[in-house]
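Chemist: One line per chain: the protein sequences are F and P, in this order.
When you line the first sequence up against this note's numbering, it's residues 1053 to 1272, in that order.
When you line the second sequence up against this note's numbering, it's residues 425 to 692, in that order.
Just so you know, the hints here were simulated from the structure itself, not pulled from any lab data.
Hints may contain errors.
In the SDA-like style, the derived pairs of lysine to any residue whose C-alpha atoms are separated by at most 25 Å in a straight line are [said to hold, decoys possible]:
#  : chain 1 : residue 1 : chain 2 : residue 2
1  : P       : 660       : F       : 1079
2  : P       : 436       : F       : 1127
3  : P       : 660       : F       : 1102
4  : P       : 664       : F       : 1208
5  : F       : 1104      : F       : 1140
6  : P       : 460       : F       : 1077
7  : P       : 436       : F       : 1167
8  : F       : 1101      : P       : 614
9  : F       : 1101      : P       : 439
10 : F       : 1101      : P       : 679
11 : F       : 1101      : P       : 659
12 : F       : 1101      : F       : 1247
13 : P       : 460       : P       : 436
14 : F       : 1125      : F       : 1175
15 : F       : 1101      : F       : 1079
16 : P       : 660       : F       : 1127
17 : P       : 436       : F       : 1093
18 : P       : 436       : F       : 1179
19 : P       : 659       : F       : 1215
20 : P       : 659       : F       : 1247
21 : P       : 460       : F       : 1063
22 : P       : 664       : P       : 614
23 : P       : 664       : F       : 1205
24 : P       : 659       : P       : 624
25 : P       : 460       : F       : 1269
26 : P       : 436       : F       : 1124
27 : P       : 664       : F       : 1203
28 : P       : 660       : F       : 1215
29 : P       : 436       : F       : 1079
30 : P       : 460       : F       : 1216
31 : P       : 460       : F       : 1124
32 : P       : 664       : F       : 1063
33 : P       : 460       : F       : 1199
34 : P       : 460       : F       : 1237
35 : P       : 436       : F       : 1063
36 : F       : 1171      : F       : 1102
37 : P       : 460       : F       : 1117
38 : F       : 1101      : F       : 1240
39 : P       : 460       : F       : 1219
Since the structure is predicted, the reported quantities are computational estimates derived from the model, not experimental observations.
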Amino acid sequence: MSDSQVGIIDLLFQAGPVVLFVLAVLLLFSVGSWAIILYKFGSVRNSMKESKEFLDYFFESGSAERIFSETEKFRNGSLAKVFRAAYIENRAVAASPGAVDDRLRIARAVKREVNLEEKRLSSLVPFLATVGNTAPFIGLFGTVWGIMSAFQNIGLVQSASLAVVAPGISEALVATAAGLAAAIPAVMAYNYFSQQIGIIERDLEEFAPEFVAVCLQNQL
Amino acid sequence: MKKKGAPGGLEKTFFFWLAVAVAIHVAIFLGLVALKSFDRVQKFKPRVVSVSLLSLPGSGGSSEKVKKNGPVGGKPAPEKVAAKPISEPVPKQEPTVAKKVPVQPAKKTAAVPAKKEDALASALDRLKKGVEQKKSLSGADNLNMALSRLKAGSATSASGSGTKGSGSGTGGSADRYKAEVAGIIQKNWEFSGSLLRNTSGMEVFVQIRVQANGTIAQIVFDHGSPSEYLNNSVKKALEKSSPLPPFPPEYGSPQEWIRFVFTPDGIE
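When you get a sec, could you build the whole thing from the sequences and use the hints?
Modeler: What follows is the structure, encoded as structure tokens:
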């Protein structure tokens, strides 16, 4: 086996169409999952940070109006967004009182915003779970297919020496390696984001009633 | 309403990170390629031992053959054997020697035994040179064995007893032919004794039926060894060696049975 035969590019050129297809799918998975990881890492971290800062300000200041004006600084904070929704609904209730209970209307608005925020936070994250679960199997499929082809070639050559067997298996194993390379960061990121989003969701559920209460107090 | 502008911005952010991810992957790929090319520059080439995955040693022991061959040649011999096509140079070159050698000495030896010795010596020299040019380890073993056989053959023919039983020197040429055949088989025999744990009782008694044109028509295992690896290597060597050089003119019969005993030390 010459030196040129062991390079990655040579391995790719020597691989069959099925293995190449598998590698292309895994590459797309990997690129997509890394884009999501980078994007989500920024947005979740900002949301956590600004929510924490907003909560600090919320407990310091008693006036709903002042808090609302401060929420402009925390546009990425999930808690700030929910408070804004509660305050705006409170203003709307005050402007046009209806038959429905004020508290109920504000609570609905808060619930709606919480749902939207949860949806926004957890968007694209399931793709990471999909990549983490399926990429190794896709890679394994490529490997099995590659080894099948390799053994067929060995049968045609009618030689089972290591020099004949090894290159085919080596090419095939690239697919498993690619599958694992795509899956490992995706699984790690999925676990991290799940934990962080869970924390934010618990905060939202916990503080939503407080936001409603503050807004109603302000109305009175 | 306030959300309306947000998705566009998020999309932009996401596409930015997508571009970053693509760039990372390209960078990693280029890095791997560069790493491979860097590795190639500083690559250490270890000794390569050709291993057949089809036949593994049954019972084993230490090998002497590899140790013997090791210091003789700088290059790893098994790699060469594995890389070469099965029956290229060995059978083609040997027959020319085989044809020349028996013709001249056979006539002369019948009349003058001393001249036969000279012819044998010259034939041996030619064989020796040919083998040295190839620098093949197995060839060197073969040469030594051929030498010993030829000496034994000349001794027996000088005393009047030949393999064919004519007593007129044809026995000597027959032995040369057999020695040549043994040499060819030895060259095609890919076997490493280091894969055997135990060499005791590792003998394979084989008979081959050779036709006049050199084709091996039949292989009969009289007694196999406990190691399937040794048995298979012998079988492969015999299959690889066919066709052998055609019979020398002294051979009258259309076919011959030749017996060999394969041991981890070589062919007897």
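Chemist: Take the hints in turn and mark each one as holding or not.
Modeler: For each hint, the structure was consulted:
1. 660(P) - 1079(F): Violated. Residue 660(P) to residue 1079(F) sits at ~45 Å, over the 25 Å cutoff.
2. 436(P) - 1127(F): holds, 17 Å
3. 660(P) - 1102(F): violated, 76 Å
4. 664(P) - 1208(F): holds, 18 Å
5. 1104(F) - 1140(F): Distance ~21 Å between residue 1104(F) and residue 1140(F) Cα, so the pair holds.
6. 460(P) - 1077(F): holds, 24 Å
7. 436(P) - 1167(F): Between residue 436(P) and residue 1167(F) the Cα gap is close to 23 Å, so the pair holds against 25 Å.
8. 1101(F) - 614(P): Given that 25 Å is the threshold and the Cα spacing comes to 70 Å, the pair is violated.
9. 1101(F) - 439(P): Given that 25 Å is the threshold and the Cα spacing comes to 23 Å, the pair holds.
10. 1101(F) - 679(P): With a Cα-Cα distance of about 94 Å, the restraint between residue 1101(F) and residue 679(P) is violated, given a limit of 25 Å.
11. 1101(F) - 659(P): violated, 75 Å
12. 1101(F) - 1247(F): holds, 15 Å
13. 460(P) - 436(P): violated, 36 Å
14. 1125(F) - 1175(F): The hint holds at about 24 Å.
15. 1101(F) - 1079(F): Violated - the C-alpha atoms of residue 1079(F) and residue 1101(F) are around 33 Å apart, more than 25 Å.
16. 660(P) - 1127(F): violated, 78 Å
17. 436(P) - 1093(F): holds, 16 Å
18. 436(P) - 1179(F): Measuring from Cα to Cα gives roughly 19 Å; hence the hint holds.
19. 659(P) - 1215(F): Roughly 21 Å between the alpha carbons, so the hint for residue 659(P) and residue 1215(F) holds.
20. 659(P) - 1247(F): With Cα atoms ~65 Å apart, residue 659(P) and residue 1247(F) exceed 25 Å; violated.
21. 460(P) - 1063(F): holds, 12 Å
22. 664(P) - 614(P): This hinted pair holds, its Cα atoms lying about 10 Å apart.
23. 664(P) - 1205(F): OK: residue 664(P) and residue 1205(F) at ~21 Å, within 25 Å.
24. 659(P) - 624(P): holds, 20 Å
25. 460(P) - 1269(F): Violated, at roughly 69 Å.
26. 436(P) - 1124(F): The hint holds at about 21 Å.
27. 664(P) - 1203(F): holds, 23 Å
28. 660(P) - 1215(F): holds, 18 Å
29. 436(P) - 1079(F): With Cα atoms ~22 Å apart, residue 436(P) and residue 1079(F) stay inside 25 Å; holds.
30. 460(P) - 1216(F): Within the cut-off at roughly 22 Å; holds.
31. 460(P) - 1124(F): Roughly 52 Å between the alpha carbons, so the hint for residue 460(P) and residue 1124(F) is violated.
32. 664(P) - 1063(F): Distance ~32 Å between residue 664(P) and residue 1063(F) Cα, so the pair is violated.
33. 460(P) - 1199(F): Holds, at about 23 Å.
34. 460(P) - 1237(F): Roughly 24 Å separates the two Cα atoms, so the pair holds.
35. 436(P) - 1063(F): violated, 36 Å
36. 1171(F) - 1102(F): holds, 18 Å
37. 460(P) - 1117(F): This hinted pair is violated, its Cα atoms lying about 63 Å apart.
38. 1101(F) - 1240(F): Holds, at roughly 21 Å.
39. 460(P) - 1219(F): holds, 16 Å
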